[in-house]
Amino acid sequence: MSKILIIAEHAHGVLNQSTAKCVACASEIPDAEIHVAVVADNSEAVAAAAAGLASVKSVICVDNPANENQLAAVIAPQVVALADGYSHIFGPSTTFGRDLMPRVAALLGVNQISDIMEVIGSHSFKRPVYAGNAIVTVKAPADIPVVATVRAASYRAVAAGGDAATSSASIDVECPEHTRFIELQTGKSDRPDLQTAAKVVAGGRALGSKENFELIFKLADTLGAGVGATRAAVDAGYVPNEMQVGQTGKIIAPELYFAIGISGAIQHLTGIKDAGTIVAINKDPDAPIFEVADIGVVGDLFAIVPELQAALSG
Amino acid sequence: MHSNLALRLVHGNRVGHNMRRRRYPLPKISESRIRSPFVDKILVGLKRVVDYNVRVRVKSDGSGVETDGVKMSINPFDEIALEEALRIKERGDASEVIVVSIGSSDAQQQLRTGLAMGAERAILVETDEPADPLTGARIFKALIDRESPDLVILGKQAIDDDNSQTGQMLAAIWGRPQATFASNLTIDGNKATVTREVDVGLEVIEIDLPGVVTVDLRMNEARYVKLPDIMKAKKKPLEQIPLAKLGIEMAMGIHNVKFEPPMERQKGEIVEDVAGLVAALKDKGLI
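Residue numbers (our numbering), protein chains in the order written: chain F, 1 to 314; chain H, 315 to 601.
Isolated chain F (complex conformation) (with noise of 0.2 Å):
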């Protein structure tokens, strides 16, 4: 039997989906028994989330004022003193997990794999490199744990439905006092999440401009999408960082994605290889997007766009 210990990812006291696909991937071993390790200063609101998705066997709550920020350094010795009895710990590959991860595998003294889009076996796993240019189907070795994380969109998050026990562990470790938080800034914004979007709504370079990406968040609201960006756009200041879809940036999949005005740097293909329809729009015939996009639209988006949004609002 594999034992799985799976590391919540939450803040403000709500579960990140993140989570829920980490759940869903986990399932995907062979008699496997899933527990979630909710690390938090109030972990109650959380925990009773993490209970209620299907497949999860036990919650285990660690609360401590230290874990407010949920730092790497602070949280990574308390997952390892839960670790002892598992298999396997998994963890979103969101900055997140990327960041707690690896920590949580050094202390164990083992490699981690990163970034697990199919389950083999419980010891074999594929996992995307070189950008997604090469699938690797890797074997971890035999009788030491294994330290994951989990491609989220590789996975659809469980159904709630689930009724796991949740208890608290009290356990004894030192928090390092040496990395302090001291402020996160974000923009506050009313439209879907870009990871979790159904429908996504995405702009480069060729939008020239902040002002023009206007054309961008509306035609998102109409469709009720998140809105993501190249790196291009980001660097060029339109949009700000954690828009920014791609091999450097956000992982997504959404249902429906729209590429406006991006040629398809394969660094930004990368991070929408997943997604179920993708639409472009780009005025170059030859631009690569078209290589990957299933509805293409050769053309102005300064026309296309605004004719699109009146057609979808009427």
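Be aware that one or more of the hints could be misleading.
Reference excerpt, derived from the structure (chain H facing chain F, CB under 7 Å, subset only) [to be verified]:
#1 E520
#2 R579
#3 A594
Keep in mind that the hints were calculated from the coordinates and are not lab data.
Where a beta carbon is used, it is the ideal one built from N, C-alpha and C, also for glycine.
Guided by the hints, dock chain H onto chain F, whose structure is given.
Below, chain H alone, put in the same frame as chain F:
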């Protein structure tokens, strides 16, 4: 990021010419020279990887990706890490930058580029087998024990394995802070303030030094290497240490069983106009 070496040389030649004409430049005295630097040494990791412009192909036998005759470069994130270290030194906040690589003797090439960019010296830990991230972290730890740096700056990930692990693992086994995915770094005394690019925006943290910082793409834009600096770099010290001499316990690696190309998306249809697009979306039940 650099497109190719030829471009760099052309660029460097031009600058080199100007430098020869102005034979006695006035010494610049900046305020920073008056106080002593905040940190002594900065260690920077440079991984030799397939150049980011190369379209990678999986070998037909599935044993890996094609690297024969392929252009190799410094991992772009590592180049940004080095640029940041050099800027810290140049504003008077550090006294020495040491570049480190782990790999075959071919990696000397990337270390020489690092020296030409402005690092003082280089260390190559030689191994023909690629080091897994935990072993890599242990190698850095062994060098830390020898060099006692105040700061280690690495790229947030290497663009070959896309693991994004080594910096965090090093911080863990060193028992020191980690500031990953950094887009800004300032040093004041024995503390560093780091802005991190996280999923919800920008997170600012403060860490005590020594510590590990891993950098993201927006940190800076790496400088071009100038021809005179390439000449100078040939005389800078490059120490080669066989891995076996460091006495490191090798970690249990994750075994790569088989490589395959990704599933290709099928090319779709081109519609004439907005009406065609709306019809196609309705057809798929998406609107």
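Hint numbers the structure violates, sorted upward? none
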